Every structure is written in C-alpha cells, then in structure tokens.
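Here's the letter readout for the chains.
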Amino acid sequence: MKFMLAVLGDPNHCPAPISAYRFADAVLTAGHEIHRVFFYHGGVLVANALAEPPQDEPSIAQLWQHFGNENNIELVACIASASRRGIFDDSEAQRYGKPASSILPGFILGGLGQLIEGTLVSDRTVTFGS
Amino acid sequence: MDKLLVLISKKPYRSIDARENFDVILAASAFSQCSVLFLGEGLLQLLPGQQATDSKVKVFTRGYAALPDYGIDKYYCESTDMEKWSLDSKQLIIEPIALSPSETDELIRSFDKVLNL
Amino acid sequence: MILLHTFNSPEALLKFNHRINKDDNVLFIEDGVYCCIDNLMEFDCRRLMALQQDCDLRGIQPAESVELIGYHDWVQMCTEADNHLSWY
Chain A
0 MKFMLAVLGD
10 PNHCPAPISA
20 YRFADAVLTA
30 GHEIHRVFFY
40 HGGVLVANAL
50 AEPPQDEPSI
60 AQLWQHFGNE
70 NNIELVACIA
80 SASRRGIFDD
90 SEAQRYGKPA
100 SSILPGFILG
110 GLGQLIEGTL
120 VSDRTVTFGS
Chain B
0 MDKLLVLISK
10 KPYRSIDARE
20 NFDVILAASA
30 FSQCSVLFLG
40 EGLLQLLPGQ
50 QATDSKVKVF
60 TRGYAALPDY
70 GIDKYYCEST
80 DMEKWSLDSK
90 QLIIEPIALS
100 PSETDELIRS
110 FDKVLNL
Chain C
0 MILLHTFNSP
10 EALLKFNHRI
20 NKDDNVLFIE
30 DGVYCCIDNL
40 MEFDCRRLMA
50 LQQDCDLRGI
60 QPAESVELIG
70 YHDWVQMCTE
80 ADNHLSWY
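For the protein sequence lines, the chains are A, B and C, in the order given. Just so we're aligned: 24 in numbering that gives the first Met the number 0 is position 25 of the first sequence, and the numbers increase by one with no gaps anywhere. Just so we're aligned: 62 in numbering that gives the first Met the number 0 is position 63 of the second sequence, and the numbers increase by one with no gaps anywhere. Just so we're aligned: 51 in numbering that gives the first Met the number 0 is position 52 of the third sequence, and the numbers increase by one with no gaps anywhere.
Hints are computed from structural coordinates only; laboratory data are not their basis. In this text the structure is predicted, and so the values were computed from the model without any measurement. Any given hint might turn out to be false.
Said to hold, decoys possible - Heads up, simulated PhoX-like pairs for lysine-lysine below, C-alpha to C-alpha not over 25 Å straight-line:
1) B:Lys57 <-> A:Lys97
2) B:Lys55 <-> B:Lys10
3) B:Lys55 <-> B:Lys73
4) B:Lys73 <-> B:Lys83
5) C:Lys14 <-> B:Lys83
6) B:Lys10 <-> B:Lys89
7) B:Lys83 <-> B:Lys10
8) B:Lys10 <-> B:Lys73
9) A:Lys1 <-> B:Lys2
10) B:Lys57 <-> B:Lys10
11) B:Lys57 <-> B:Lys89
12) B:Lys10 <-> C:Lys21
13) B:Lys2 <-> B:Lys73
14) A:Lys97 <-> B:Lys55
15) C:Lys14 <-> B:Lys55
Claimed, not checked - Derived coverage of chain B by chain A (criterion: at least 3 residues anywhere in the stretch with Cβ under 8 Å from a Cβ of chain A; other residues may be distant):
16) 27 to 35
17) 48 to 56
From the three backbone atoms N, C-alpha and C, an ideal C-beta is built for every residue, glycine too.
Generate the whole structure from the sequences, applying the supplied hints.
Here it is in structure tokens:
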C-alpha cells in the first residue's frame, strides 16, 4: 500500500511530528511505501535548521532528516507556510533579502500541488495535526 | 477527474491554519473535482459581515464567494450546525447545501480521498 | 464503508464523536488517550483502541473496553479500513 503523510503541527506545540515519525517508521517496517511526507502549517518548523533542542532531548528535525535520507523519501515543506514561519532555502532567502537560509538539509520546499498530487495517487493519506 | 473532499472545521481567525486551508481548496481545484464540507466550527468561516476595520488582518473568508470561479460548485454543511448557530444559509458568504447528520456521513464515506487539515 | 477514526484530544472527540458509526474503528492517540479513562465515552464502534506508547507516557490506565495497540497495529488498521480520518 502507498501512503501519503501530512505533518501539520509545530514540534514545540504538539506531538504530531513525533507521532508521524513513529507511524512512518512502522509503515516502512510493514513493507509499505511512503510516496511523500508533506509538512504544512506549523509542521514546516520541523525543517528549521536553526532550532536547537537541549542536549538531553531528541531532535525531531534530525530524526526526520535521517529517516528521509536513509529511506530515500521526499520531505517537502510547503513553500508558502515556510515563508510565513521563517524557513527559507538559499533561493528564497535571496529572493526575500533574508540574512541566511534556514531549511534543514534533506528537506525541500514545494507547493500545495505536491500535497494534492500525493493524496490523489496514494492509497491512504494520514494527517497528523494539533 | 479524481474526486477529493476537503473538510473545513476550524474557526477563521484563531491561527493562520484556516487561511492556509483555504489555499488548499484552491490548489485542490486545479488537480481534482474538489468538494468542500464545512464541519462544526468551520461553518463560522462563512458568517456574513466580517471586516477588519483597521485592515491589520486579512479577511480571507471573502474568497469563499469565488469558489464557483474555481470550478467548485459542491459545498456542504451539516444542518445541526446551522441550527446550533441560528444561521440562515442565504445570508452566508456562500450558500452550502445543508445535509442531515446521516447525509453528511454518507457524503464523507462516498469519497476515497478526504483531507482534514 | 468502514472508517478508522483517530482522535488526538478529548476536545476532538467532543466535537466529532458523532462521525463514528457502529462498524467503524476508533483509535485514541496523543492527548486523546485521556478519553480512555472510564465512563468518558458514549458511542458505539467496532474496535476501540488507544496507542500504548501515548498511554504509558501520560500514566493512563485505560478502561477495560479499550484495546492497547502499537504503531504497527495502527498501520495494519489503516490497510484494513476503507479510509482513515484524523480528528483534532
């Protein structure tokens, strides 16, 4: 079965990104496929390269980064949601005159079309919100 | 064309999420035959007369009046929500078809693709 | 159509419990596991479940009618249901 996942919650505001991560891991362990993981609303803050949790707390950002990299899964942060919340790649940072890019490597910016397309081509879309 | 049902269930101004979910509807209309169900507090997005007197907040809900221009001509609400808030559908920003609870259930279950964001 | 509903808070259950049909499956996750304390639920469904990890984290001992499951079971339930709805 092909899954599409949408992570909607800010990692400091709700457990959605952690629940989604555990679910995603279970999906692959069960032998299913993940078409894409789309980060929307506050979920884009998972991709914040400038956030630094305390040493004794796990980094949900790095967990997702590692997951996407190890399993070759696209981690897409909605470009419009990301701009609102200060998540920029090099190109967007330059476009808006921001001092630096802030998106964690392993995540890419994308449009809502990727959320819709993923939903239409997947067998199940599971959303994780707050 | 694929069918997709978008559930709108949040109050309009508590967070930016409601505004962003409106964008989802517009995006969905480009890829699919999109229908919209205003559920629970989501129906409050259609209250008439919303205005930001100091223009510091964007009244994005006015955009719902343009849904037909995006090819979206199927939008619904639940009659119990209309009654709960004593709403007259003719006065809302757009006039959704009011469904009974069982009809609402049937609608949701008739779609393979449902997005609740 | 059989649906799998997830509720991530008591507020979500309060707002949307009328969406549950007696043939559907219900899973409580995150703060939704607080709904599993006895006598707080009044709806019919086929299977009533809670994520064990979320119960453990919050110190919740669920009512006997609630099945504790893991993420693997959640994925399995997704494949068995006709669709999955998340309520917040």
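Straight-line alpha-carbon gap Lys2 of chain B to Lys73 of chain B, limit 25 Å: Holds, at about 11 Å.
Check of the segment 27 to 35 of chain B against chain A for coverage (Cβ-Cβ below 8 Å, three residues minimum): holds (count 4)
Hint consistency between Lys55 of chain B and Lys73 of chain B [alpha-carbon to alpha-carbon, up to 25 Å]: Not OK: Lys55 of chain B and Lys73 of chain B at ~32 Å, beyond 25 Å, violated.
Satisfaction of hint between Lys97 of chain A and Lys57 of chain B, Cα-Cα up to 25 Å: 24 Å, holds
Proposed proximity, Lys10 of chain B with Lys57 of chain B (alpha carbon, max 25 Å): 14 Å, holds
Restraint status (C-alpha distance of Lys14 of chain C to Lys55 of chain B at most 25 Å): 31 Å, violated
Satisfaction of hint between Lys89 of chain B and Lys57 of chain B, Cα-Cα up to 25 Å: Given pair Lys57 of chain B, Lys89 of chain B holds - Cα atoms ~24 Å apart, limit 25 Å.
Lys14 of chain C paired with Lys83 of chain B [C-alpha distance capped at 25 Å]: 13 Å, holds
Restraint status (C-alpha distance of Lys55 of chain B to Lys10 of chain B at most 25 Å): 18 Å, holds
Restraint check for Lys97 of chain A with Lys55 of chain B, where alpha carbons must lie at most 25 Å apart: 23 Å, holds
25 Å Cα cutoff - pair Lys83 of chain B, Lys10 of chain B: 15 Å, holds
Distance restraint between Lys73 of chain B and Lys83 of chain B, which requires alpha-carbon spacing of 25 Å or less: 22 Å, holds
Violated hints, in rising order: 3, 12, 15, 17; the structure is consistent with all others.
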